[in-house]
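Each chain sits in its own coordinate frame; assemble them with the hints.
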Amino acid sequence: MESFIIFISISLTIIIIIPFYRVIKGPTVFDRLLGAGAIGTKTVVLILILGLLFKRLEMFVDIALAYAILSFISSLIVAKYFSTEKAKE
Amino acid sequence: MSEVKDLLTILFLLLGAFFMLIGSIGVIRLPDFFTRSHATSKSDTLGIMLIVVGLICHEGLVLNSLKLMIIFVFIALANPVGSHALARAAFKFGIKPWFKKEEKDQA
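Just so you know, the sequences run in chain order Y and C. Under numbering that gives the first Met the number 0, the residues of the first sequence are numbered 0 to 88, in order. Under numbering that gives the first Met the number 0, the residues of the second sequence are numbered 0 to 106, in order.
Only chain C is shown next, with the shape it has when bound in the complex (with noise of 0.2 Å):
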C-alpha cells in the first residue's frame, strides 16, 4: 500500500511542477499584461492545487490534511479574484490589451 502511496505522491507533485514551470514561462514570453495575467491566474492555480492533492495523498487522512484541504479551497478561490482584481485595475489605469493585427508591439 506505501508503494502506490508514494506513486501517487510523486506523480502528483511531478504535475504540479510541470504546470507551476508552465506557468512562470507564460508570465515571460507572453506579449501583453492580459495575456500574461492568464499565466499566473490559471496555470499556477493548477499547480498549486495538484501539489496539495500530492501532498494530502503522502500524508493520509490525518489533521494535517484537512488543514492542506482548506489550502487548496483558500487558493482555488484567492488567486483568480487576485488576478481578476489586478487586470481590473489595470484596464482602469488604461493599459489596452494587446491585439494580433498591430504592428508595433506596445508590451
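One chain only, chain Y, in its complex shape (with noise of 0.2 Å):
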C-alpha cells in the first residue's frame, strides 16, 4: 500500500508538469490562465495524497481545503480583471 500511494503520487507530479507545456505557449492570455488553473486544482490533489503518505491526513487536509479556495478565488478575480479589457487586434 506504501509504495502504491508513492507510486501514485510521482504519477500526479508528472501529470501536473503537463499543463506548464500550455501555460508556456498557450497563444492567447486565457490559455495560460487555464493552463494555472488546472495546475492549481491539481496540486489539491497532491497534497492531499503526500499527507496520507506522511501519516498525517488531517493537518494536509486543512491545507488543501485553503488552498482549493484560494486557487478558486484567484481564477475568479483574474477572469473579472481581464473581462473588463477589449481585443485589440
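Among the hints, erroneous ones may be present.
What the hints assert, rightly or not - Restricting the straight-line Cα-Cα distance to at most 30 Å, the calculated cross-link-like pairs of lysine-lysine (BS3-like) are:
1) Y:K24 with C:K95
2) C:K91 with Y:K79
3) C:K100 with Y:K24
4) C:K95 with Y:K54
5) C:K99 with C:K66
Hints listed in this document are in silico derivations from the structure and should not be mistaken for laboratory results.
And the structure:
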C-alpha cells in the first residue's frame, strides 16, 4: 500500500507538469490562465496524497482545503480582471 | 475487511489519476481555448472527486472523512464555476470559438 501511494504521487507530479507546456506556449492569455488553473486544482490532490503518505492527513486536509479555496477565488478575480479589456487586434 | 478497503482505495486512486491524466492531455491537444476548458473543468473535477472518494474509503468514518467530503463538495461546485468565469471572460475579450470547416487553425 505504501509503495502504491508513492507511485501515485510520482505519476501525479508528472500529470501536474504537463499543463506547463500550455502555460508557456498558450497563444492567448486565457490559455495560460487555463493551464495555471489546471495546475492549481491538481496540486490540491497532490497535497492530499502526500498527507496520506506522511501519515498526518488531518493537517494536510486543512492545507488542501485552504489551497482549493484560494485557487478558486484567484481564478475568479483574474477572469473578472481580463473580462473588462477589449481585444486589441 | 482491510483488504477490501485497500482494494477500494487503490481502485479509486487509479481511476482518479487516469482521469486527471486525460484532463492534462486534453489541455495540450485540444485546438481551441473553449475546447480546452472542457478538459480542465470536467475531467479534472471527476479525477479529483474519484481520488477524494478513494481517500474517504481509506480513512473510514473519522473526522478526516468529513473534511474530505467538504473538499469533495467544494471542488464539485468551485471548479465548474471557475472555468465558466474564465470562458465568459474569454468570450467577452473577443476570442472566436474554433469551427471544423475553417481551413487555418487559429489557436
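Status of each hint after checking the structure:
no., hint, verdict
1, Y:K24 with C:K95, "holds (19 Å)"
2, C:K91 with Y:K79, "holds (10 Å)"
3, C:K100 with Y:K24, "holds (24 Å)"
4, C:K95 with Y:K54, "violated (48 Å)"
5, C:K99 with C:K66, "violated (44 Å)"
In this structure, the earlier hints numbered 4, 5 are contradicted, and the remaining ones agree with it.
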